[in-house]
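Student: With the hints as a guide, bring the two chains together.
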Amino acid sequence: MQNNSPVFYLIPLLPLIGFLINGLGRRILSKTAIALVGSGVVLGSFLLSLLVFFQVKSGSTFNPHYFTIFSVDYLTVPFAFKIDPLSSLFLLIITGVGFLIHVYSAAYMHHEDQPHYGRYFSYLNLFVFFMLLLVLGSNFVVLFIGWEGVGLCSYLLIGYWFKNQDYTRAANKAFIMNRIGDVAFLVALFWMITKFHSVTFSDVLSIPNINAKLKPVDITIITLLLFIGATGKSAQIPLYTWLPDAMAGPTPVSALIHAATMVTAGIYMVARCSFLYNMAPVTQQIVASVGIVTALTAATIALKQFDIKKVLAYSTVSQLGFMFLALGSGAYVAAVFHVMTHAFFKALLFLGSGSVIHAMGGEQDIRNMGGLKQKLKITWFTFLTGCIAIAGIPPLSGFFSKDAILLGAYLNDPLLYGLALIGAMLTAFYMFRLLFITFHGEFRGTEHQKHHLHESPPAMTIPLIILAVLSAVGGWIGIPSALMHGGDRITGFLEPSVVTLKTHHLSHSKEYLLMALSSGVALISVFVAGLFYRNYKPAEVRGFGKVLENKWYVDEFYDKLIVRPLDRLALWLKQFTEPKLIDGFINGIGKSVQWSSRTIRYLQSGQTGSYILLMVISMVVLLAIQFFVKK
Amino acid sequence: MYSVLLILIPLLGGVVSFFIKSERSARINSLFTSLLSLGVVLAGLLFYREDKYWIHDGAWLSVFNSSFSLKADGLSKIFILLNALAYVLLFVSGWKVTYHNINRFYGLFLLTQAGMTGTFLAYDALLFYFFWELALIPMYFLCSQWGGPRRISVTLKFFIYTFAGSVLMLVSILYLYSKTSGMSFSFQEFADTRLQPARQIWLFWLFFIGLAIKMPVFPLHTWQPDTYEQSPYPGTAVLSAVMAKMGLFGLLRWLFHVLPIASFQWADFITPLALSGAIYASLLAFRQDDLKRFAAYSSMAHMGLLCAASFAQNLMGFQGVMLQAFNHGINILGLWIIVEIIERKTGTRKMSELGGLSQKAPALSVFLMVIALANIALPLTNSFPGEFLMISGIFTTLSKYNVWFTVLAGLGIILGAVYMLNMIRKVFFGEEKESVFAVTDISWNEKTALGIIVGIILVLGVYPQLLLQETSATAGAINEKFEIVRKAVLEQLLK
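Chains as they are written, first to last, in this note's numbering: chain G, 1 to 631; chain F, 632 to 1126.
So here's chain F without its partners, still in its complex pose (with noise of 0.2 Å):
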């Protein structure tokens, strides 16, 4: 019941939004809806720990032996979590920015999070793909009517890029469905599913590339820095903290269980080009002026490393990856918040136009430097522990390559230092610019949302442990279904 609750809290503030007549009533009930499922995940997450809780089965669509069936492990937790966070904290934070007919922006905004929960706890694979699709959706409307003014043509490209992804996950769910033992789409049935390898690698491209899209992973991002530069800034924030997400929770509860033996044969293939997509779009970030596409291609070069270490498919990167999916949407949330509070002060996003913001904001400057501090895994950040244990994982893989794998990776790890830094110097240190004259400090909202953001990193950063004991079993279960993967071919080799 526990778990329907999760779904149906941001659902129901969704739709009664549509509803509210005033700016106020929209902000308290779309404020009050997001910390009630906060306090609902933090209450699982504290109290009600047990499974029973977490699971729920109910009747959906019968006839195609797909149930309304729902569970929660250490992975979902977690990404529940970072899902409920990250609406309080847009919420606190955009207290007093306003949009225009704000009851829908926010009934659609909730939608999303509605969506999203029920990616994170699908135990059905037809449920899976429901969710997936109902996140999407008023995804589109936000940004297709919210958005800048290039957001027609950009969210027609997300939108056809993403759902065609969505349709190849698709065919490769029906098609699985269709050699299961009872035909069901039960997340048992389709994990106990032997197929042949030959047979796994085209599905499994299939689905991944489904996944791949999500994330992004290279070659497959061009619709991600536009997308994130015309859409609203809530909606930018949820679709690279959150949403993102969704395609690494694919890939490790849906792809790995189902598909171990193609995963495992193609992980030579894909860890270097995700590694190699991390340092292209690290490169390009360097390269940036537009703060927005600056954070894009910055998220992209963290999914790139997330998506290699899942690939990794050993222990320590399981629980890198999980730890290190939770503190990205973290970071980077918290990154969107100053870009967006930047370019409502100054007017501008573009980083030559800025500088010297330290001098007229330094509140926000600390934030800024703690954050960025936290996007280069600096030690007692948060991330420090998540890409240590991501890159130990990349380097104690079986691959024979592996050293090269930790090569590239490092080299990203270098690359992030570089573009990081010289955001930071060009927007905030030297001279003021004309641009940053009547700026002010921020305020006590964004101030909340920030200290909050900072707290979190400095407490997973020296205490990560915490989050680690919550996905432990997750990625045990996981790392257990490739212990047997590695053993069959390693008896193959042997023979």
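Next up, chain G with everything else stripped away, as it sits in the complex (with noise of 0.2 Å):
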């Protein structure tokens, strides 16, 4: 395959395509027309990503380069791709959960009308396109262009049910909040086009150059406002209140939003600029409390939520932090196989939930729901499949990726490593809660919603059963060396594209040790969530319960700190400042013009004494003034 192959430009043209075709044809193509033209140019892309990742599987990178977008003194940045191996596993993760998740809405959305169904199925096909724009761009402009991209499609699928204000508004917040994030991120690319005049990866991220050029305060600079970037794509404090209210949107979205595209881009980005993050130890160490912090905090939330959805939410807000704190630990490979798993897991458990939602007749509170178990038999089963993977029990694919994670940490710090494994223990339990108070116990809804009860179609259970295969499975691609000799195949993989400074210095017995005491911890948690929701019967949250419920009061308080001062100051400059103050002021001097000629009009009396009289005084001051101002 050669670089001005066509293959590679096909990936995102499909389904940029399907945007095309959907968008402008959504009044006159059938229903079946369109969900056949939206999955059909997903699954192409598939397939050709396929053939790229077995490409560059076998050793080959490719960087084909298509044209100029501008190029100004010293600045030339040019549309092109770079296919390694970080982007070519990011393709499969995109195109493949995506195209399962374009497969589950045909059915999901399909009560939708007409117009409605073929807009959404563009903006899916655009948020793939977007995202796999991101992922292939050489530099970081291309990257920025689907990074924002993506934040877009978020905001129009959030707000996709538009006569709802409460829903759009989380769009906009949505939104808002990426923004901010992308400023910094802008702000990181200038920084570096003083510094390389360059924004293309082959010069900012390489070695000699990065010696040559930056001090370690611009390293840090530059890393730092990067990672700011990335809090706001992939949700982690303080920007990751858009993410639990992006609920809002068609359940297949946020499991497109949490899985398959948007959220993963924070994570690709500092993956692929490993080589600047490990030159920067301070940034590094943000890093990796944010995302601890970030794991601890959602985790928390994730507890005591009864939004079936919310829960997902803030359960993938606390997988993005331990994502977050592999990073920082300079794990970057580990950071990666668990974005592949979690797609895997979190696609399954957010389309289960629409297939529970669907089922359920549209209601999201687990209090009214309880012992679906019976009658939706598919749906359980890769429900709890979804759940035992993400509690990380072996050998389902979340353990791999979680182990690795918790290694990475306890070889950057045993406090983080500590801290991880409570938030691992916190995640078993909050997903087995969901899923023991979801599924088993009692139902609890209304007679009509028992009466409704149905497993979902077969383009709903099929996706469900592939994820779940791969959630099981899926990690076994990086078993640790210490279980399998030349298990640990994504490392070696990876290894092109993400430097790791930090080299593996523990026995083996050491690592058993700290595989155990993981699984164990989720087991126990497993078990106690088991005790208390087995046989749940609705009860008023009390005491921090409801701080927790109330998701820390972390929305009021930026509402109190920032939203509303700033709303009350746009209303002060609008009544005050712009009105009395600014046009007040210029009025003024127009009336002070009228004044003045309505004073000076009396001078022009027209009578011929007056007149004398002023010349005479009038040359007698420029005579006075004549005399004092001698040369």
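It should be emphasised that the hints constitute simulated quantities derived from the structure, not laboratory data. Every residue gets a Cβ at the ideal spot worked out from N, C-alpha and C, and that includes glycine. Hints should not be assumed to be uniformly reliable.
[Claimed, not checked] If the Cβ cut is set under 10 Å, some of the chain F residues that face chain G in the computed set are:
#1 M632
#2 H852
#3 L914
#4 F917
#5 G951
#6 I1025
#7 F1026
#8 L1042
#9 L1046
#10 G1047
#11 N1053
#12 I1055
#13 F1059
#14 E1062
#15 Q1096
#16 N1110
Tutor: Here it is as structure tokens:
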């Protein structure tokens, strides 16, 4: 395969074509045609990505170059791609999981009216397009195009049901919070431009170049600014509150945002910049700390949520925190590995929750569910698989990736490891709490809902089954070498793309101990959750639980600290500064001119006598001035 | 000769319009005139690229050593293109809108085009001033005769305000004239005049205030929201899309070439002023209920950024400004066309009375979405490369406050998204309100005009180099002027 092979540009182009066909033809095309086009183009991209993946696996990398976006002074920004192990792996995740979500959507959204059905699929395709652009770009500008593009698509999809103003508000919130991060990202780019005169990865991410052109403080600032960008996109403290609100969109969209696209962008970007981050120890510490704090905060919130999607949303925030912990600890491969396994089980869990919501006729409150296991066998079983995977119980995928993260944290700082272990414990607990309340015990919904309960159609259950299989076995590409010699294939694969400085200095026996500890903690959590929630009876949340149920009041805090003061400032500017102060000043000038002309008018009385008098006075004044101002 | 033609076509078309009786003929005359202008501009850009076509030297007021001297550089060319495009798009989108005495309305309207084209071409200071006023005067009549209920007082303010600015500019032009070696108004003589830095300062301020009122730059803007609100739509659209650029053009072609030292010295003062003005305008835009005032403040916010990036005074900034000036013109034009359609269809332009429009007019809302996203500089729309280069220019300026300037600009970017998405939410989303019950989607002529705008937005978003290559020489020339200044200042510091 050559650099100029059409395969590379077809990968993002196909979803773009799908977007155009479905977007422009949403009134003409039948629903079947829309679904076929929408899913077909992503399938096409997936097959091409597979092709590319195997090429990359055999050791080749590609740098296709298409045209110059702009070239000014010393800065030339080409539209070019970089295809290496890291991007090829992301291509597979995006198109593979993305395709399953498209298929699922075809059934899930079938009750939508035809033009909206087309609109939905066109947005979905656009989302995949931008995400592909993001991971394919060979420079930060192309990456940024995708970066803001996915922000746009999340805005469009969160506000998909645009009649509801709460949803459109949530959409705005997502866009604006992302934008705050994006501005930091842009400033990082400008910083790079002044130092490197380039934004291309091969110039910026090369150790000799970094050493020659950057001072340590520059590296710290650039990496920190990029990380702020990542906190927006990947929902970390302080910019995470948009993600739980993003639940306003249709459920498959949540699966797309949380699993295959968007939130993984921040992880991708930091992993891509591993060269830079390795040289910024201060930033690394901050990344790891923000990661673990976010992981714990979100996990505690998830303990007390009753909306099935909200639990999963906070779980995503928490899992992303784990990934940043890994990135900050220099365990880039572990982070990317977890992105992959997380994509499988989180897509599975979201689609599973969609199946539940579908069966319950739109109900999302788990207090009104319970006992669904009997009627929704496939959904239950696949959901259970997802829960085991995310809880980190061997030998499912989550165990291996989470273990890699914990190991990385341990090598970085045992304290981080301890906190991460608590996080893992909480994860297993809230996930099984969700499982037990939803699927076990007595049914607590209305009679009508009980009558209506049914398993979802095959277009929805087949993606669930595929994802369940992937969640189960997907981790086997990263079996630690302590357990199986040569089992850790993902590290070898990603090695050319990401550079890990810290090497393992851990004896096998210690590694076994860590693994046993984490799986033991997870199993205990599951057991305790079973004790508490197997026969759940709705009860009022009291005491500290109330704080958790209200998400630590962070939204209220932001509202008081930023949103409302800004709103009031704007009102004050509108009511006082603009009309009274600035315009008042200008009008004042106008009025004083009018006043003085009115006054001066009296001088022109038309009487010769007064004119002569005035003339004499003026002459006296002039003479006096002459007299005093002598050269 | 070519450049004379560019002024002559709208001038004649405008004059002819006054003598046309039937409404239909007046429309056809205007559309024909504007299409002819656009055709000539495009032919010039594509086929007659050599300088000899774009330069004209004729006799005029030879008593004062002022000649009818025209010259188009890259900046003039893209502004003339924007100007010609704007009129075509406005005539097409307004094909079905009537005004009383439409022949006179369109006649005056075309005269403003002639005036602005002249301003962008003039290579003689007196001629520049002449065209500057020629563009303004028909605009006063448009606002005062076809405007909204408060038109009389608002136009008076507009007139006095902008006229005061023009006079300040004239004073500094006359002073400069007296200082040229051969007592001449020619551009070259002006640019070659060496003035003491101390003397440059007050001249600079006189000239700059004249230009700043036009753009407008905070705090000299209070004529603008009122005028935009009360003027008839085509007038408002041209005011913000093209006429505001006259101020920017004066800055880049005249002020920077003639008074570079003072411009350099005051950059650290004007940049934060313009940027905070942009933030100020964004906050006000967020709180407006009237769509016209909303668009007015949005336009002002963008002009603030354009002004600030001009004062970055480096190649990146200049290129960004030139690209973005064109883009802003196109985007704000699209916004005005849409606001006009909304008011015509619903009878209101208050956001609080609107809502749910996207269900009734899906095509309109798609156009609005793209134009709004272009306004907030989303990648793959035209404003992204423009703003990227501008802020990159601001960041790479030599000023020691560059990081703070960038932070201010970044705040502006965030607030831009806040007010724009808020407007979309209120007007297009939500449940349908009473005012939109009877609304139908847009017609073919409106689709054509908006379609062209969206096309330009996307093409320049993906391939901005198209315009950048047109302006690179002009931007380079201004930058060179500042290179010399910077070198001199640096030497002085080293002494």
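Student: Now tell me if each hint is right for this structure.
Tutor: Here is how each hint holds up against the structure:
{"no.": "1", "hint": "M632", "in the structure": "violated (33 Å)"}
{"no.": "2", "hint": "H852", "in the structure": "holds (8 Å)"}
{"no.": "3", "hint": "L914", "in the structure": "holds (4 Å)"}
{"no.": "4", "hint": "F917", "in the structure": "holds (5 Å)"}
{"no.": "5", "hint": "G951", "in the structure": "holds (8 Å)"}
{"no.": "6", "hint": "I1025", "in the structure": "holds (8 Å)"}
{"no.": "7", "hint": "F1026", "in the structure": "holds (4 Å)"}
{"no.": "8", "hint": "L1042", "in the structure": "holds (8 Å)"}
{"no.": "9", "hint": "L1046", "in the structure": "holds (9 Å)"}
{"no.": "10", "hint": "G1047", "in the structure": "holds (9 Å)"}
{"no.": "11", "hint": "N1053", "in the structure": "holds (7 Å)"}
{"no.": "12", "hint": "I1055", "in the structure": "holds (8 Å)"}
{"no.": "13", "hint": "F1059", "in the structure": "holds (8 Å)"}
{"no.": "14", "hint": "E1062", "in the structure": "holds (6 Å)"}
{"no.": "15", "hint": "Q1096", "in the structure": "holds (5 Å)"}
{"no.": "16", "hint": "N1110", "in the structure": "holds (8 Å)"}
Consistency with the previously given hints fails for number 1 only.
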